[in-house]
Amino acid sequence: MEKTETKKVHVCPECGSHKLIRDYSRAEVTCDECGLVIS
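In case it helps, this note's numbering puts the sequence shown at residues 101 to 139.
Please keep in mind that the hints were generated in silico from the structure rather than gathered at the bench.
One or more of the hints may lead you astray.
Think about it this way: if two alpha-carbon atoms lie no more than 25 Å apart in a straight line, the pair counts; the simulated SDA-like pairs of lysine to any residue are [claimed, not checked]:
| id | residue 1 | residue 2 |
| --- | --- | --- |
| 1 | K119 | L136 |
| 2 | K119 | E133 |
| 3 | K119 | D132 |
| 4 | K119 | S139 |
| 5 | K119 | T130 |
| 6 | K119 | I138 |
| 7 | K119 | G135 |
| 8 | K119 | V137 |
| 9 | K119 | C134 |
| 10 | K119 | V129 |
Produce the entire structure from the sequences given, and follow the hints as far as they go.
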């Protein structure tokens, strides 16, 4: 299975952090600082 991203997020819109975690198994991007699920 190929891993692709349709929207690239590099900064958390809530806190401005660059520490984002991509979880491919859940198809989520989460901020490591504030916990916001971005996508």
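Item checked: Restraint status (C-alpha distance of K119 to L136 at most 25 Å) -> holds (11 Å)
Margin query: For a C-alpha distance cap of 25 Å, please report whether K119 and G135 respect it.
Written below: holds (10 Å)
Notebook entry, point to check: Are the Cα positions of K119 and E133 separated by 25 Å at most?
Noted result: Holds. K119 to E133 sits at ~7 Å (cutoff 25 Å).
Notebook entry, point to check: Given the hinted pair K119 and C134, is their alpha-carbon gap at most 25 Å?
Noted result: holds (10 Å)
Check: Are the Cα atoms of K119 and S139 separated by 25 Å or less?
Finding: holds (14 Å)
Check: Does the structure keep K119 and T130 at a Cα separation of 25 Å or less?
Finding: holds (9 Å)
Check: Given the hint that K119 pairs with D132, does the C-alpha gap stay at or below 25 Å?
Finding: Status holds; Cα separation ~5 Å.
Notebook entry, point to check: Given the hint that K119 pairs with I138, does the C-alpha gap stay at or below 25 Å?
Noted result: Roughly 12 Å between the alpha carbons, so the hint for K119 and I138 holds.
Check: Is the hinted pair K119 and V129 satisfied, with a Cα-Cα distance of at most 25 Å?
Finding: Holds - the C-alpha atoms of V129 and K119 are around 10 Å apart, at most 25 Å.
Note to self: Hinted pair, alpha-carbon criterion (25 Å max): K119, V137. Please report holds or violated.
What the structure shows: holds (12 Å)
The structure fails none of the hints (numbered hints given earlier).
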